[in-house]
Amino acid sequence: MLDDFFTRALLAGIGLALTTGPLGCFVIWRRMAYFGDTMAHSALLGVALSLLLHVNLAVSVFAVAAVVSLTLLLLQKRGSLSTDALLGILSHATLATGLVIVSFMTWVRIDLVGFLFGDILAVTQADVSLVWGGGILVLLAIVYMWRPLIASTVNPELAAAEGLEPERARLAFMLLMALVIAIAMKIVGILLITSLLIIPAATARRFSAGPETMAVLASLFGAVAVAGGLFGSLKFDTPSGPSIVVAALVLFLASLLPRRGEHSSIAAAQPEGGNR
Amino acid sequence: MLQSNVQSRQELVSLAAAGVRRKGRWLVRGVDLSIARGEIVTLIGPNGSGKSTTAKMAIGVTRPDEGGVTRIPGLRVGYVPQKLAIDWTMPLTVERLMTLTTSLREREIEAALEATGIRHLARAEVQHLSGGEFQRALMARAIARKPDLLVLDEPVQGVDFSGEIALYELIKTIRNTTGCGILLISHDLHVVMAETDTVVCLNGHVCCRGTPEAVSRSPEYLRLFGTRASQTLAVYSHHHDHTHLPDGRVLHADGSVTDHCHPADGHHHGDAHHGDAGSRPGPMRIPHAHGPDCGCEPPATAGTSGDETQERRDA
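Line order of the protein sequences matches chains A and B. Be aware that the first sequence starts at 1, since it is given in the numbering used here, and climbs by one per residue. Be aware that the second sequence starts at 1, since it is given in the numbering used here, and climbs by one per residue.
Next comes chain A alone, as it looks inside the complex (with noise of 0.2 Å):
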């Protein structure tokens, strides 16, 4: 059954959405999109380093996106620009020294278009693995750190003043962020990432009475979202990660259809929570 490329690609994006779902809970809960957003554009480093270097792909995206990420921590820390400025400036700046290198080694030939917007039709077994592999273990560590993760998104301070270590949340939290976009780099693509964190978080908020729910909403509005989106561009031949994203968008304007006895409860809350 594995031999069918689209069951290897339906296998795969099922196994990242479930992955996404409770991590972009987070990055919905700590309004970290732009973050995302950025590590998952220093990933096209990560594939120029790995290129030139004759690294595995995957180590150096994470490593790449790993090593940015504490970038930013330290630059906050000196406080001289504002996070979105600093946010800008590191997301632009490895995107384009990625390019940069890659048109270096005009020895390599190289698919960027598979890179920014993904190629899951082309996913291996190996990649399946990888795929599952990471995922189990990202998931393993998200229900190990659920307390101080949820506590120290709801306030740093309170978590640290009861003891639940709010920094070491944080950290395992970009660690686990950059090994997210390893394993998805290849099924959505650079660009879309992102994309595929939020959207089925921002979906599940509106069924969600508690931040659990949430996580397990969110992962299998993503799976929806995949199979969907992958049967759609069999049946009209789009290109299939922007039809994963696109299924996940309409998934969520579907969330936002107005229900019975649930008229103002949205459009009173949208103020606070429009704001990324």
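The set of hints was computed from the structure by calculation and includes no laboratory data. There's no promise every hint is true.
Claimed, not checked - Listed next, the in silico BS3-like pairs over lysine-lysine satisfying Cα-Cα at most 30 Å (straight line):
{"no.": "1", "chain 1": "A", "residue 1": "LYS77", "chain 2": "B", "residue 2": "LYS23"}
{"no.": "2", "chain 1": "B", "residue 1": "LYS172", "chain 2": "A", "residue 2": "LYS77"}
{"no.": "3", "chain 1": "B", "residue 1": "LYS83", "chain 2": "B", "residue 2": "LYS172"}
For this one, chain A is given, so just place chain B on it according to the hints.
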């Protein structure tokens, strides 16, 4: 350990000449402070005077840049921060908020919600609570984990006057039933909780400290707030031997002006200032109308711009 009477004074936390510096400026300096089991300590002071910073040093959220902080091993803290905004994107009910940092039995959650009078709100989303209800929910969360030390940073903010009295009564009950130490930060310079054992007035350093005056001796206060309030609140009348000038320098009673004010600068005379905790006679107990020269607040001429920077620093 849970005895409510304090025969042997067991200090949960003590700060010795502790200070915090940020970007070359001392937020607070030379703080000596201790909180024992069963004791209520109230910190008062104007915006930016270092109240929150001092509390954060005590519970280990902020590391002191000078001096030292000693905590008993395994100290269990319950903390209600000054500002806590829960993002709308996180679905969180009051019930779930209770177990944010500790797992609790259902019975313990119910007891804490019952004590704070919000049991009917157990399933409500925290984002939909009013200011007073949210404050109670935070308080319930902090007491549910049965702390040795309860730290409440302006617990009565956004609560109306009768709610304030009710919260102070609750704090008193908590102290009397669990025997925990309580560090309370108050936004009010002159009115503190009557049960307070020690009031510490901060303004970048410890300006003065003492016990709050018995309300019964303050007829004007009784007239103003009535008898129910008088059992809960007390006037803290005090005066200082120095004045904080608008530019941050300090004018001392002997006429000298220094850049900063700390116990060892030789400008402080008499034991009414920077002394040890406890009641004492002397000028600090003389009630007075607070004016620009009493030193309790920055002079009115400091203007709003100065206040703003202080607030930002506080946050």
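Each hint, compared with the structure:
Using a Cα cut-off of 30 Å, the hinted pair A/LYS77 and B/LYS23 holds, with the two alpha carbons roughly 12 Å apart. Our distance criterion of 30 Å between C-alpha atoms is broken by B/LYS172 and A/LYS77, whose separation comes to about 40 Å. Between B/LYS83 and B/LYS172 the alpha-carbon distance is near 23 Å, which keeps this suggested pair within the 30 Å criterion.
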